[in-house]
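**Student:** Here are the chains, one letter per residue:
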Amino acid sequence: MSKAFELSKEGAELVKKELTRYETKHSAIIPALYQVQKENGWVPPESIEYLAGLMGLPESHINEVFSFYTMFNKVPTGKLHVQVCTNISCSMNGGRELAKKLCERFNVKPGEVSKDGLVTISQVECLGSCDTAPMMQVNDRYIENLDFEKAVQALKEMGAQ
Amino acid sequence: MSSLEVKLLSEHYDKPEFQGLEGYKKHGGYEVLVKALKMEPQKIIDEVKASGLRGRGGAGFPTGVKWGFLPNNDEPRYLLCNADEGEPGTFKDRVMMERAPHQLIEGMIISAFAVKSHKSYIYIRGEYDEPARILRKALDEAYEAGLLGKNILGSGFDHDMDLYRGAGAYICGEETGMISSLEGLKGQPKLKPPFPAIQGYLKKPTIVNNVETLAAVKYIIRDGADAYRKYGTEKSAGTKLFSISGNVVKPGTYEVPLGISLKDLIFDVCGGLKPGRKLKAVIPGGSSAPILTAEESLKVNMDYESLAQSGSMLGSGAVIVIDDSNDMVDLLDVTLHFYHHESCGQCTPCREGTGWISKITHSIKNGEGTTKDIDLIKNVAEHMMGKTICALSDAAAMPAISFVTKFRDEFEAYVNKGVERRGEDAHA
Ligand SMILES: Cc1cc2nc3c(=O)[nH]c(=O)nc-3n(C[C@H](O)[C@H](O)[C@H](O)COP(=O)(O)O)c2cc1C
Ligand code: SF4
Ligand code: FES
Numbered sequence: 000m001s002k003a004f005e006l007s008k009e010g011a012e013l014v015k016k017e018l019t020r021y022e023t024k025h026s027a028i029i030p031a032l033y034q035v036q037k038e039n040g041w042v043p044p045e046s047i048e049y050l051a052g053l054m055g056l057p058e059s060h061i062n063e064v065f066s067f068y069t070m071f072n073k074v075p076t077g078k079l080h081v082q083v084c085t086n087i088s089c090s091m092n093g094g095r096e097l098a099k100k101l102c103e104r105f106n107v108k109p110g111e112v113s114k115d116g117l118v119t120i121s122q123v124e125c126l127g128s129c130d131t132a133p134m135m136q137v138n139d140r141y142i143e144n145l146d147f148e149k150a151v152q153a154l155k156e157m158g159a160q
Numbered sequence: 000m001s002s003l004e005v006k007l008l009s010e011h012y013d014k015p016e017f018q019g020l021e022g023y024k025k026h027g028g029y030e031v032l033v034k035a036l037k038m039e040p041q042k043i044i045d046e047v048k049a050s051g052l053r054g055r056g057g058a059g060f061p062t063g064v065k066w067g068f069l070p071n072n073d074e075p076r077y078l079l080c081n082a083d084e085g086e087p088g089t090f091k092d093r094v095m096m097e098r099a100p101h102q103l104i105e106g107m108i109i110s111a112f113a114v115k116s117h118k119s120y121i122y123i124r125g126e127y128d129e130p131a132r133i134l135r136k137a138l139d140e141a142y143e144a145g146l147l148g149k150n151i152l153g154s155g156f157d158h159d160m161d162l163y164r165g166a167g168a169y170i171c172g173e174e175t176g177m178i179s180s181l182e183g184l185k186g187q188p189k190l191k192p193p194f195p196a197i198q199g200y201l202k203k204p205t206i207v208n209n210v211e212t213l214a215a216v217k218y219i220i221r222d223g224a225d226a227y228r229k230y231g232t233e234k235s236a237g238t239k240l241f242s243i244s245g246n247v248v249k250p251g252t253y254e255v256p257l258g259i260s261l262k263d264l265i266f267d268v269c270g271g272l273k274p275g276r277k278l279k280a281v282i283p284g285g286s287s288a289p290i291l292t293a294e295e296s297l298k299v300n301m302d303y304e305s306l307a308q309s310g311s312m313l314g315s316g317a318v319i320v321i322d323d324s325n326d327m328v329d330l331l332d333v334t335l336h337f338y339h340h341e342s343c344g345q346c347t348p349c350r351e352g353t354g355w356i357s358k359i360t361h362s363i364k365n366g367e368g369t370t371k372d373i374d375l376i377k378n379v380a381e382h383m384m385g386k387t388i389c390a391l392s393d394a395a396a397m398p399a400i401s402f403v404t405k406f407r408d409e410f411e412a413y414v415n416k417g418v419e420r421r422g423e424d425a426h427a
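Heads up: the sequence lines are chains Z and G, in that order. Residue numbers for the first sequence follow numbering that gives the first Met the number 0, beginning at 0 and rising by one. Residue numbers for the second sequence follow numbering that gives the first Met the number 0, beginning at 0 and rising by one.
Source of the hints: derived by calculation from the structure; they are not laboratory data. Note that CB positions come from ideal geometry on N, CA and C, so glycine has one too. Certain hints may be false.
What the hints assert, rightly or not - Simulated restraints on C-beta separations: (1) G/G344 with Z/R20: 44 to 52 Å; (2) G/K273 with Z/N106: 31 to 39 Å; (3) G/E129 with Z/K16: 18 to 26 Å; (4) G/L3 with Z/R20: 26 to 34 Å; (5) G/K34 with Z/E45: 50 to 58 Å; (6) G/P274 with Z/R104: 25 to 33 Å; (7) Z/T19 with G/G344: 26 to 34 Å; (8) G/A49 with Z/K16: 21 to 29 Å; (9) Z/G93 with G/V33: 26 to 34 Å; (10) Z/K114 with G/R135: 31 to 39 Å.
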């Protein structure tokens, strides 16, 4: 049995408002999933059932949308979700090596959560900042023109050990 | 700054104040809207047609012509701004939205007035958190100043604009995928026709345009079509913001007239290559554009026709400059991994084909390929073209074919190295 999931009162209010903001109720699904992720760090399966009830939409439909988009975390991540771009321009400037060295430095495999729960490192596709390659996105923030030392320094400032 | 740069859209991008409504107004902001609202909507469409403006999102379709496809009736219609910007190598829309959110909003209101739309959305890619926040704030400012909402500036024209955030799917940059996504569905493209201008968002007529396209409309209405045409070539009119990355000394976003030579763009505007490096290749229009060899690159001009003639395309204007330190098999591997990952899976040639060519390329890179595999990449890629719901399949096939054809020796070197190691015959 999965445990029950609930958004905060404000979160639930926000989702309800999104339901009438667009021409169709369905358009509120992405914003609702963002709200779940914002409060919970990731989107647990039981939250889909909860949203279905809250939004009056079929669970199967919310699930379909949820699985289609890569920005919704399907599993828990560390407090800092470090997404290193390894697409073409970043790879040409050391993006893949950076991702690898960060994994070694924080002792995690790509996608894994570090033992202290602070860091997850993943490789992602072009983030639209190719002139500052290599670069990474940490939670919502872009950190650009990186080398290994600068990346570690930035992560430490954000609370990584 | 290079003397080849032209600052039409980007004139005030270096001023932080340009981001806010007050600063924007100080530099003539929303004056063109005032002018436009006094014009006949059809006159605006005619002016955009006459300007020769072509879509800056990738396909280069004439904007005024697209607008003209809308049914001539009072049915509700939507305007969607494509700010999904996912084509690898492209980042100019982000710069535009961060530096000048009101420029986009003004361009959009003018465009909406021209096509008689009362509702628009800016569909922005989910990763663009900072630009989304900047736009949100600018939209609030615009509403507060009566530039959006009911009876805009007393003109009697009503228009609402909202921002919608995607959630990480390249395919939502394809216009019908974007429409599906905005409708709250999986972002899967739909078969065309019907084209969005006839049947788009919620089955209503819908115009989809790129950020840069909509921002450019403002300058066409401000200065007139003839003035806009002074930049660029006969068939590729105006200026273009290029996103330049890779191995140049000064990567960045640069506005130049269409038709500038790629050589000037790299060696003058972007400061050339790093010391001791030689040009090897250029991808001139985002990672889906066929690659050009150094020799081809030095002959081509950055306009739709010249690039088509050289067998490539202008695409989103993302120029990836590649010097002789790069391994082409590796770069194709990175590129195909992306397209395979982003295929939405609806069409067999795309779903299977991207997987196949990506896997073969990867195995060649790992020294496990044969000469036959090199030909196979090309064969499979050729069968992926022109057969699918959207152009993602072609977007993967084009780099595959061009890399393998133009840099075959590097693929062969990998094969031979692998053969040597395994001590077997590559042709077996
Ligand atoms: C796979 C794929 C991805 C695309 N991604 C984008 C994009 O991120 N931004 C964009 O403006 N156009 C993108 N396009 C092009 C759009 O489908 C559409 O042509 C464009 O938004 C129209 O605007 P324009 O005429 O102003 O260029 C993409 C097309 C395809 C096939
Ligand atoms: S071509 Fe590929 S991405 Fe486009 S609709 Fe078909 S499967 Fe989806
Ligand atoms: S390739 Fe890394 S941001 Fe574009």
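**Student:** Look at each hint and say if it fits the structure.
**Tutor:** Quick rundown of the hints versus the structure:
no.: 1; hint: G/G344 with Z/R20: 44 to 52 Å; result: 30 Å, violated
no.: 2; hint: G/K273 with Z/N106: 31 to 39 Å; result: 34 Å, holds
no.: 3; hint: G/E129 with Z/K16: 18 to 26 Å; result: 24 Å, holds
no.: 4; hint: G/L3 with Z/R20: 26 to 34 Å; result: 45 Å, violated
no.: 5; hint: G/K34 with Z/E45: 50 to 58 Å; result: 55 Å, holds
no.: 6; hint: G/P274 with Z/R104: 25 to 33 Å; result: 31 Å, holds
no.: 7; hint: Z/T19 with G/G344: 26 to 34 Å; result: 33 Å, holds
no.: 8; hint: G/A49 with Z/K16: 21 to 29 Å; result: 44 Å, violated
no.: 9; hint: Z/G93 with G/V33: 26 to 34 Å; result: 49 Å, violated
no.: 10; hint: Z/K114 with G/R135: 31 to 39 Å; result: 38 Å, holds
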